[in-house]
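Chain A is fixed; fit chain B onto it per the hints.
Take a look at the letters that make up each chain.
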Amino acid sequence: MAKSIATEFTKGLWKEVPPFRLVLGLCPVLGVTTSMKNGIGMGLATTFVLLCSNILVSLLRKVIPPKVRIACFIIIIATFVIVVEQVMAAFAYELFMSLGVFIPLIVVNCIVLGRAEAFASKNGVALSAADGLGMGIGFTVSLGLLGAVRELIGTGGLSGDVFGFLPYHLPSIFGAAFQPLEFAVQAPGAFVALGLLLCLMNLIPSK
Amino acid sequence: MGEMIKMVVVLTVLSIISGGSLSWLKEITEPKIENQVMTLVKGPAIRQILAKADNDPVEDRFKIQDGEAERNVFVGVFDSSPDTVVLESAASGYGDIIGMVVAINMSDETLRGIAVTTHKETPGLGSMAKDNPRFAAQFAGKSITRPFQVTTDGGEISALSGATITSRAVCNGVNQAIETYTRLKPQLEENIQGMRK
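Taken in sequence, the protein lines are chains A and B.
Sequential numbering of the first sequence, starting at 1, is according to the working numbering.
Sequential numbering of the second sequence, starting at 1, is according to the working numbering.
Isolated chain A, as found in the complex:
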């Protein structure tokens, strides 16, 4: 096989970065990116599920009968999603509350099932782990970026932390005269921000 771990890992970072290039899994992308903190939290939760489910699906790919593979994938994915939900509720309850219903919805995130079906069920463990981790990091960065853009325009600054660590605080970078555009943190703002970011990304030709 010509596939190498490095290329599988890096394709998720730029060439096939999930929400932008694949335009998959948009539900949480649009729903939770009202702030950078939520975006990153959601991204990390999805990364964990993606990595674990990819590894397990790849390990079990010879055992799972093809006819019930989707059901098996969903069991595996759902298990890890509940793990994330419980752990987040125990250790990062505020994030858990602000992400709300979107955590259980990771189960039906197209990226997770898509990678299990399209990649992990056909490739070895190391490649699948690299794929899952790459896609997850790409997803996290995208959500963080989208969240940051919306938070900046919507509130004028950035503040928060990542799972209680790495606090950041950046009050009003546009100066005191800036009027926060509340539209950006509301649902339609998500579409506009996503469209503009997609537009910017397409200016840079992909290899």
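Just so you know, not all the hints are guaranteed correct.
To be verified - Restricting the straight-line Cα-Cα distance to at most 35 Å, the calculated cross-link-like pairs of lysine-lysine (DSBU-like) are:
1) B:K63 to B:K32
2) A:K62 to B:K26
3) B:K26 to A:K122
4) A:K67 to B:K6
If you're looking for bench data, these hints aren't it; they were derived computationally from the structure.
Same frame as chain A, now just chain B:
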């Protein structure tokens, strides 16, 4: 046939492993989650409905034995007399179990206030039970001698529009709390006597 059996076996084994490990995880995380809910959800809710109390009701709490179960009781001190108890209650709503706290004024047997703490109701409709303070405010000051019902059932609580099931569930939860209170009243009084000195 062989394939059929394999499918069943694989799915069953996967489900068993998944269920087993999740219940183990639940066991370890449960006390931590309870703690988080106490400090971040129930605590603020209780402090809000007992905002005028002289003490911190979350500090002054004790556990009471109710049959098999143990219940948390929070005590509010008003005008230097500990006359208010807050009980936790839950009832099944539209999405999942709705958790709430119910503050009962023991001296005149009225409700001092209620608050919904945890829920998974529809955002914008059922979630208003928690987010719209006017809904919970309807309960405050009412006597606990009559069970609470929504107006469509002949009671006096106006249901949230589009969320009758949620509103009924909150009424049920409050009624349950009152029932618990009536059942445990002697024990509660005894416990509070100890605080009076």
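Consistency of the hints with the structure:
| no. | hint | verdict |
| --- | --- | --- |
| 1 | B:K63 to B:K32 | holds, 18 Å |
| 2 | A:K62 to B:K26 | holds, 30 Å |
| 3 | B:K26 to A:K122 | holds, 33 Å |
| 4 | A:K67 to B:K6 | holds, 11 Å |
When the structure is compared with the earlier hints, no violation turns up for any of them.
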